[in-house]
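Respectively, the protein sequence lines represent chains Z and A. Per our numbering, the first sequence starts with residue 459, numbered consecutively. Per our numbering, the second sequence starts with residue 3, numbered consecutively.
Simulated from the structure, these hints should not be mistaken for laboratory data. We treat Cβ as the ideally placed atom computed from N, Cα and C, and that holds for glycine. Among these hints, one or two may not hold up.
As the list claims (entries may be wrong) - Computed list of lysine to any residue pairs in SDA-like fashion (alpha-carbon distance at most 25 Å, straight line):
1) Lys538/Z with Val54/A
2) Lys658/Z with Thr59/A
3) Lys13/A with Phe590/Z
4) Lys51/A with Val659/Z
5) Lys543/Z with Thr50/A
6) Lys51/A with Ile534/Z
7) Lys658/Z with Ala24/A
8) Lys33/A with Val699/Z
9) Lys51/A with Ser709/Z
Claimed, not checked - Which residues of chain A face chain Z? A few of them, derived with a C-beta cut under 10 Å, are:
10) Thr50
11) Val54
12) Val56
13) Met58
14) Ala63
15) Ile64
16) Phe71
17) Leu72
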Amino acid sequence: MLEFLSAHEDLPSINAEELFHVGPFTVANSTVFTVFAIVSFIVLAVLARKFKLIPTKFQHVLEMMYEYLLDLFTNIVGTKDKAKKVLPYAGSVFLYILFSNLVPMIPGIMSFTYTDHEGVVVPLLRGGTADFNTTFGLALAAVVTVQILAISERGLFGHLGHFIQVKPIITGFRKSIGEGLIGIVHFFVGLIEIVGELAKVISLSLRLFGNMFAHEVLTIIIMGAIAVGIPVIWMGMGVLVGVVQAIVFTSLITVYYSLILNKEGEGH
Amino acid sequence: MDAAAAIYIAKGLCILAMVGTAIGQGYLIGKGLEAMGRNPDTEASIFTKMIVFVAMTETTAIFAFVAFFLLK
Numbered sequence: 459m460l461e462f463l464s465a466h467e468d469l470p471s472i473n474a475e476e477l478f479h480v481g482p483f484t485v486a487n488s489t490v491f492t493v494f495a496i497v498s499f500i501v502l503a504v505l506a507r508k509f510k511l512i513p514t515k516f517q518h519v520l521e522m523m524y525e526y527l528l529d530l531f532t533n534i535v536g537t538k539d540k541a542k543k544v545l546p547y548a549g550s551v552f553l554y555i556l557f558s559n560l561v562p563m564i565p566g567i568m569s570f571t572y573t574d575h576e577g578v579v580v581p582l583l584r585g586g587t588a589d590f591n592t593t594f595g596l597a598l599a600a601v602v603t604v605q606i607l608a609i610s611e612r613g614l615f616g617h618l619g620h621f622i623q624v625k626p627i628i629t630g631f632r633k634s635i636g637e638g639l640i641g642i643v644h645f646f647v648g649l650i651e652i653v654g655e656l657a658k659v660i661s662l663s664l665r666l667f668g669n670m671f672a673h674e675v676l677t678i679i680i681m682g683a684i685a686v687g688i689p690v691i692w693m694g695m696g697v698l699v700g701v702v703q704a705i706v707f708t709s710l711i712t713v714y715y716s717l718i719l720n721k722e723g724e725g726h
Numbered sequence: 003m004d005a006a007a008a009i010y011i012a013k014g015l016c017i018l019a020m021v022g023t024a025i026g027q028g029y030l031i032g033k034g035l036e037a038m039g040r041n042p043d044t045e046a047s048i049f050t051k052m053i054v055f056v057a058m059t060e061t062t063a064i065f066a067f068v069a070f071f072l073l074k
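Take these sequences, add in the hints, and give me the full structure.
Quick look at the structure:
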């Protein structure tokens, strides 16, 4: 009866649609979006170079963003100096995720389509974070970066000794058999931490991907039910989810980083 | 029982993930509101943290959601 109020569309596939191949690489629609994001950030970087003492409106926005991020990281890491150390990496990850979450919500931008050789019509753009490959790459890069920072803080053997704890066994058995057995338990706990590092990659990437993909799918389901008025509330919710997920991802990276710094401070 | 029916049952079981997430979010928001009531000065800071942790709690439901769509 109220069929005219709804807008039907097919559910998006969980994989990004492939557009064409360049040599051995496949260019999917999320790749196009990533390139678009990179170009936008280069333009922004060029524009942001001309800083004045009396800020323009544009400069104000950038400074507000910088101060917000510095505040966020200072709350997690503790001091402003340490926050300034993580800001270049975590801050750029934040801006990239925010861009990929929010730009697809601009009306019309996802309506461009691409027709390949076989005449199949696929959308030209797909939000970067709505593709599992992008989020997995981001999470892997973040965890590897944290590991590299950890090595630079503790030294290679100091860091490996954190995972493969042979030392507590030797020192423990010198004292008594009971402490030696506890040392063996510590050895296995160290091995479990290796799995923990891998689990970080999976949970970080699946969280971001799942949220953005869920939003896309549920938008289409809601539009299929009723396409007047109600989707506005849902899009507002989407903006909130996009911002919160960007904050969650970067805060978690910063937390992992601060864990390393704190252990260094305790003198382990 | 054919395969399609089994998939529908599995999809239904995926929905059970909502139970845990709902309990977690309710507990988190309840405690957050309690803290805000006790100390209204810190309301802004607690509210932002609450929203962030609610998003983290949602992760388990999102995992179930991904599994839901991987079942075909």
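Quick rundown of the hints versus the structure:
no.: 1; hint: Lys538/Z with Val54/A; result: holds, 22 Å
no.: 2; hint: Lys658/Z with Thr59/A; result: holds, 15 Å
no.: 3; hint: Lys13/A with Phe590/Z; result: holds, 21 Å
no.: 4; hint: Lys51/A with Val659/Z; result: holds, 23 Å
no.: 5; hint: Lys543/Z with Thr50/A; result: holds, 24 Å
no.: 6; hint: Lys51/A with Ile534/Z; result: holds, 11 Å
no.: 7; hint: Lys658/Z with Ala24/A; result: holds, 23 Å
no.: 8; hint: Lys33/A with Val699/Z; result: holds, 22 Å
no.: 9; hint: Lys51/A with Ser709/Z; result: holds, 11 Å
no.: 10; hint: Thr50; result: holds, 8 Å
no.: 11; hint: Val54; result: holds, 6 Å
no.: 12; hint: Val56; result: holds, 8 Å
no.: 13; hint: Met58; result: holds, 6 Å
no.: 14; hint: Ala63; result: holds, 9 Å
no.: 15; hint: Ile64; result: holds, 3 Å
no.: 16; hint: Phe71; result: holds, 5 Å
no.: 17; hint: Leu72; result: holds, 7 Å
In summary, the structure agrees with every hint in the numbered list given earlier.
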